[in-house]
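Student: Residue numbers (the working numbering), protein chains in the order written: chain F, 1419 to 1694; chain A, 20 to 186; chain C, 15 to 270.
Mixed in with the good hints, there may be bad ones.
[Unchecked claim] In the DSBU-like style, the derived pairs of lysine-lysine whose C-alpha atoms are separated by at most 30 Å in a straight line are:
1. Lys1457/F with Lys1607/F
2. Lys79/A with Lys209/C
3. Lys79/A with Lys144/A
4. Lys1508/F with Lys1457/F
5. Lys209/C with Lys73/A
6. Lys144/A with Lys97/A
The set of hints was computed from the structure by calculation and includes no laboratory data. Just so you know, these numbers come straight off a predicted model, no measurement behind them.
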Amino acid sequence: MPDLTPADDSTLIRIRGLKTVLNGKTIFDGVDLDIPRGKVTAVMGPSGTGKTTLMRHITGQLAPDAGSVVVDGRDVPRLSRGDLFRLREKIGYLFQNSALLTDFSVFENVAFPLRQHLRLPEELIRNIVLTKLQAVGLRGAAELMPSELSGGMARRVALARAIVRDPMLVIYDEPFVGLDPIALNQVVKLIRMLNDTLGLTGILVAHEFSAVKRVADQVYLIAAGKIAAHGTPAELAADTSPWTRQFFGGEADGPVPFHYPARDYALDLGFPEARA
Amino acid sequence: MSQKHSYQFGTGLFILLGFAALAWLATQTTSIANYRQGDSYTLNARFSNVGQLKLGAPVKIAGVRIGSVRTIEVDPAKLDAKVQLSIATRYAELPDDSAAAIFTSGLLGDQYVAIQPGGSPDALKDGDEFVLTQSSVQLEDLIGKFLAAGGPEKPAEPATPAATPTP
Amino acid sequence: MTPAGKPRNALAGGIAQIGACGLFLLSILAAVPASLRHIRETVRQVWFVGAMSLTIIMTCGLFVGMVLGLQLYYVLSIFGGTAALGTVVSLALYRELGPVVTALLFAGRAGTSITAEIGLMRATDQLSAMEMMAVDPLAYVVTPRFLAGVIAMPLLACVFNALGIFGAHLVGVAWLGLDNGTFWSNMTSSVDVWKDVINGLWKSVAFGAVITLIATFQGYTTPPTSEGVAYATTRTVVFSSIVVLALDFVMTAFLM
Ligand SMILES: Nc1ncnc2c1ncn2[C@@H]1O[C@H](COP(=O)(O)OP(=O)(O)O)[C@@H](O)[C@H]1O
Ligand SMILES: [Mg+2]
Chain F
1419 MPDLTPADDS TLIRIRGLKT VLNGKTIFDG VDLDIPRGKV TAVMGPSGTG
1469 KTTLMRHITG QLAPDAGSVV VDGRDVPRLS RGDLFRLREK IGYLFQNSAL
1519 LTDFSVFENV AFPLRQHLRL PEELIRNIVL TKLQAVGLRG AAELMPSELS
1569 GGMARRVALA RAIVRDPMLV IYDEPFVGLD PIALNQVVKL IRMLNDTLGL
1619 TGILVAHEFS AVKRVADQVY LIAAGKIAAH GTPAELAADT SPWTRQFFGG
1669 EADGPVPFHY PARDYALDLG FPEARA
Chain A
20 MSQKHSYQFG TGLFILLGFA ALAWLATQTT SIANYRQGDS YTLNARFSNV
70 GQLKLGAPVK IAGVRIGSVR TIEVDPAKLD AKVQLSIATR YAELPDDSAA
120 AIFTSGLLGD QYVAIQPGGS PDALKDGDEF VLTQSSVQLE DLIGKFLAAG
170 GPEKPAEPAT PAATPTP
Chain C
15 MTPAGKPRNA LAGGIAQIGA CGLFLLSILA AVPASLRHIR ETVRQVWFVG
65 AMSLTIIMTC GLFVGMVLGL QLYYVLSIFG GTAALGTVVS LALYRELGPV
115 VTALLFAGRA GTSITAEIGL MRATDQLSAM EMMAVDPLAY VVTPRFLAGV
165 IAMPLLACVF NALGIFGAHL VGVAWLGLDN GTFWSNMTSS VDVWKDVING
215 LWKSVAFGAV ITLIATFQGY TTPPTSEGVA YATTRTVVFS SIVVLALDFV
265 MTAFLM
């Protein structure tokens, strides 16, 4: 039985023996992982390994088939819907595609979590929202609609929305995808700043090792349903295991095969005699 | 914010419009319209049999509605039905020798009071009674007369189609 | 999706869909108390599904009434009964055409936009984002649209009926020369508030509920792709039309 109590206060999330099967496909097969408080932890891995799925386990959107997921001392898969919602109020989530509410202006998008959960005077809501928008540099865009924003701006609005209630944990799911180098650097800077100034715990899912090096305190590399490597960015960069070499070296073939599993090539091409 | 208020205002207008339509339909196109009338005066008529006549049934001249049946009660002395008709004031010039009859609209429709105007120069006044009335024709009576006459040559009341049988 | 030609699987799939839709209805109803906290959202949806459908409802109501006026005048004149035009038109509208035609127009106008909107919210993770902000998307997105449909549909049907009667009056009295008094007095002596007007409204309420149920269900469960949203929108129109007509028969048989 894994240790469920927060043995030390420095660990915010503790995952033990995680097993997940989706549609008959094994996504996780015994994953152990710790996310320390007040640090930025990067989760990396090839596309489709289950990084988003891992985040969905942490936020209770999906229950694992086995293993424990403990967040802030609470066993997430066993929480009631009400308790889960109370936990989520303390988690900010930045979606891969921003997921701004298309019906509302930038201001109302950022104000949404406040309006839904707190009865605050309009004046105060305005102040909080404008402060967060100022932090991401978009106070001037408050009255725009989401359809009028560029990808980078939308990502920053979503970031402002994720932190508007001063959460204890912010999850960034692939925040750099589709951003130009300028916007990418802005988001990198913001994540680091939020972590430094507010002491937020961050989980960063990303592929860009150069960006990860600048923000993350530690890195988990997930591949084939297991933790393939774990350490500080510098340690991983120096690591020589085939997984890390392929992933960070960007080689096309390696432990992650180039070819999707298939029948014999010669058979498929209609040369059965080639087998004989 | 202003956007939010305009939604609420527009939604309010829409709901008001819907209820206005409902109110109009319910009061102007249904039998409720018959209870609600302008100024009216009352005339009385006595029938030996009112058949299926109902409260609120129309009173018509030449097929056009001019009022409605207000009360139907039995006169304890004469043992016939006394029917109060309320007639719109703008039809105040009914000759005092007019006749009231109970007819059926269509073959199987509801019954109504038809007034056949007379030729007298004097008009009926509020509270007056029709001198001439013709009761509802009962299907049983019709059949009875038909059988007594011994054949189909001479139908009893060709002008008035039969009412539905009385319970 | 398995290739066609497996009717048993299609049947089982259809039954499973109906079951899922029924459970979805239960969860919508369970979310009604929570959605009262977002009452503004319901008001906004009454605007979108109701008020925004007014133009099409009013135009179609007027033309349906005018056509009814013409056609029934012709039929009634064969029997010498044109005096009954107002009665026949209003009864046809109250009992059948008002609720049914309004419902079919509503399915095309509001049902599709509900499905597309919710489907896109699903495809762009907006529903998951709400979940993550501890806001129940059923209470915030689905139930307000459902309530709005139930509220808006009978009101739209009333407007449709009023315009229809107006259209028939236009044709019958103003154009074909029926007597105005005869038109109305025949109508008022035959139409009953409860039996005709109110029973027709019950139909509308039921149609509003099933159409928004189907529309929200299709949108909520659509595969999160643009193709999925397109198919879901089509299914909303097809399914709600069938269900409305079938339900109309059942309600007519048992209610009227
Ligand atoms: N709801 C689901 N049902 C079935 N399979 C899923 C579901 N969600 C994700 N998957 C599968 O799980 C795998 C991991 O997905 P995901 O966590 O999104 O990967 P990524 O690491 O790229 O974020 C993918 O192969 C995907 O096809
Ligand atoms: Mg992902």
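Student: Look at each hint and say if it fits the structure.
Tutor: Hint check results:
1. Annotation: proposed proximity of Lys1457/F to Lys1607/F holds, straight-line Cα distance about 15 Å (limit 30 Å).
2. For the hint pairing Lys79/A with Lys209/C, the CA-to-CA distance comes to about 24 Å; that is within 30 Å, so the pair holds.
3. This hinted pair checks out: Lys79/A and Lys144/A have alpha carbons roughly 17 Å apart, not beyond 30 Å.
4. Simply put, Lys1508/F and Lys1457/F have alpha-carbon atoms about 16 Å apart, close enough for the 30 Å limit, and the pair holds.
5. A distance of roughly 17 Å separates the Cα atoms of Lys209/C and Lys73/A; the hinted pair therefore holds under the 30 Å criterion.
6. With a C-alpha separation of about 23 Å, the suggested pairing of Lys144/A with Lys97/A holds against the 30 Å cut-off.
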